[in-house]
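So you can see what is in the structure, the chains are spelled out below.
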Amino acid sequence: MMPRAWWLRDLVYLVIFVAILIGATYLIAYSETYFPAMRYYHRILVMMGINITLAVSLNIINGHAGQFSLGHAGFMAVGAYFAAFLTLYYFGPYVDRLGEGSGQQWLLQNVLLFIAVILGGIVAAIAGYVVGLPSLRLRGDYLAIVTLGFGEIIRVIILNIDKIGAARGLSGIPPWSNFFWVFFFAGLTILISIRLVNSSVGRAFLAIREDEIAAEAMGVDTTKYKVKAFIIGSCLAGVAGGLFAHFSPAYLNPTMFTFIRSFEVVAMVVLGGLGSITGSILAAIILTFLPEALRGVKDFMPGGRDPRMVIYSLMLIILMLTRPQGLFGRRELWDVLSRRKDTIPKEPRDAGDATDKLDRDAGPPVT
Amino acid sequence: MPATEPILESKNVTIRFGGLTAVSNFDLTVNPRELVGLIGPNGAGKTTIFNMLTGVYKPTEGDIRVGAVSTRDFKPYQITALGLARTFQNIRLFKELTVLENVKAGGHIHYKYSGTSAVLHTNRFHTAEEQAEEDALRLLDLFDLRSRAQYTARNLPYGDQRRLEIARALAARPRLLLLDEPAAGLNTGETAALMTKIREIRDRFGVAILLIEHNMELVMGICERIIVLNYGKTIAQGTPDQIQTNPVVVEAYLGEPVEAAQL
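Those sequence lines, one after another, are chains A and B.
If you use numbering that gives the first Met the number 0, the first sequence corresponds to residues 0 to 366, in order.
If you use numbering that gives the first Met the number 0, the second sequence corresponds to residues 0 to 262, in order.
Please keep in mind that the hints were generated in silico from the structure rather than gathered at the bench.
In this text, all values refer to a predicted model and were calculated from it rather than measured experimentally.
Worth double-checking, as some hints may not be accurate.
To be verified - Here are the computed lysine to any residue pairs in the SDA-like style, where the Cα-Cα straight-line distance is at most 20 Å:
hint : chain 1 : residue 1 : chain 2 : residue 2
1    : B       : 94        : A       : 125
2    : A       : 223       : B       : 108
3    : A       : 223       : B       : 55
4    : A       : 223       : B       : 115
5    : B       : 94        : A       : 328
6    : B       : 94        : A       : 335
7    : A       : 223       : B       : 73
8    : B       : 57        : A       : 221
9    : B       : 74        : A       : 133
10   : B       : 74        : A       : 212
11   : B       : 94        : A       : 334
12   : A       : 223       : B       : 118
13   : B       : 10        : B       : 41
14   : B       : 57        : B       : 46
15   : A       : 223       : A       : 125
Work the whole structure out from these sequences, hints included.
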């Protein structure tokens, strides 16, 4: 039996994790006062955290459950707009009434951000449920097209709601999000993903991906688990959206959530290796940094042309050509390093198969 | 439930695909701990029957009962929960998962806990997972696959894949195990070992077994009762001895006697 206090060890890890994040957040804030250039890197880091959350959550749907979804930007938009709507119209004015810069205000704004982000995630989960329903009937390419459509529908709906800015975009959202919250939720997403995949729920996801008929024959309610994967994945995408909405400049526009955004996340998951959590994380880091790192190339080009996206695309193509299964394939970093064996020693099988086969097949000729 | 009550009963089961009647008026009763063989020429409808019993196809007519429950409106996973587990003619393992994960996934219905439990690693999660691991390893021992527990299923030799599929089906702790050509592609030695194993499974788990097989040595060697199918119809049933001497069966397999053809 395991120790009774199952939560104790996790709690200790949580405290350590939070402490490290708080330390890092303050370190970044202090360094910004001395090196203004840090603001740029701060923003990239935060975008990286958001992309990690998006990639890892999409990996649950695409990589683990094997349901090819192209609507992730839509779920992100739902979470972003809902959370922003709450803080802009309800939470923000309330916090503003408290004394500027007081500890009370600081505490309240963080608590309210947390609530808004979680609620955004829940609303995105509901959207995920609605999108998950057609996945009961559709597979592969067909599902991809439907989810693509859903993502666009969500964007067009937002584009037509005046209360949340419509085509003008939504500005004036309180910029409460920061390094701490983004990486707190990224960590949470990774934890949820890892623990799910190593549980009976995760095994059900993987079984569906590997062979739906066999999964059903082993007692897996494939419908239920497919919808579950959609709900979990879209909820976490909604959380990422909420955090994105509240990070300065805290401005949202429907054009941020086109299917191109979905494709970016899909590219991260595929590049990392469908089904590999560590692969998704690594790919999210690479694909966030790469376009930024390539900004310098412009300086060496005649006439100030910017070949950044061309190089970025070429690198993607080369990567996928040389490693079509993604950086880690379906394995995790620790599988690559340790126990899972993928090759086995050749075992001599009995000779004489040919005659055995004749024996066995000497059965019924169909008349 | 008294042990004498049948596990599976099918009455007048008929299925048509368009104009083709694949199986017509199929009757079958399987009692606990029974070893029943289902044979017949290619295309006789054996696998179609398996697919109807496990809920993949819905019969056009007739009734199938698993432990007195009519499975007419049941989905395959619900039928598994009633105590039916199967293997497939063309192996359907979870190829990218490890051998151990395959067997654990097979026991899916027995290790239930919520996703929240899984994320929080509650006691419930630990208890269920330890149980899953223990059960899975015991099954792997039975099939001599323990040393390969961490291999990816895709990389197993063919014979091991066949045995792993049976182990996975047993992980669902069925009362009736359906084996679809378990000896297909195995050599003589492996087939002999499989025969011993099938008997061992029956005795050890007290499970009834219904199997489709073309290998007559295996069917005649272990089945207590055999049902012969041709063109979707039951043409004979009985003990192996009765079947071997039944003229109708001989005709279905070898064609009409020469005298008859001359008439």
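Against the structure, the hints come out as follows:
{"no.": "1", "hint": "94/B x 125/A", "in the structure": "violated, 33 Å"}
{"no.": "2", "hint": "223/A x 108/B", "in the structure": "holds, 13 Å"}
{"no.": "3", "hint": "223/A x 55/B", "in the structure": "holds, 17 Å"}
{"no.": "4", "hint": "223/A x 115/B", "in the structure": "holds, 16 Å"}
{"no.": "5", "hint": "94/B x 328/A", "in the structure": "holds, 14 Å"}
{"no.": "6", "hint": "94/B x 335/A", "in the structure": "holds, 18 Å"}
{"no.": "7", "hint": "223/A x 73/B", "in the structure": "holds, 15 Å"}
{"no.": "8", "hint": "57/B x 221/A", "in the structure": "holds, 18 Å"}
{"no.": "9", "hint": "74/B x 133/A", "in the structure": "holds, 18 Å"}
{"no.": "10", "hint": "74/B x 212/A", "in the structure": "holds, 11 Å"}
{"no.": "11", "hint": "94/B x 334/A", "in the structure": "holds, 16 Å"}
{"no.": "12", "hint": "223/A x 118/B", "in the structure": "holds, 18 Å"}
{"no.": "13", "hint": "10/B x 41/B", "in the structure": "violated, 23 Å"}
{"no.": "14", "hint": "57/B x 46/B", "in the structure": "holds, 13 Å"}
{"no.": "15", "hint": "223/A x 125/A", "in the structure": "holds, 15 Å"}
Hint compliance for this structure: hints 1 and 13 are broken, all remaining hints hold.
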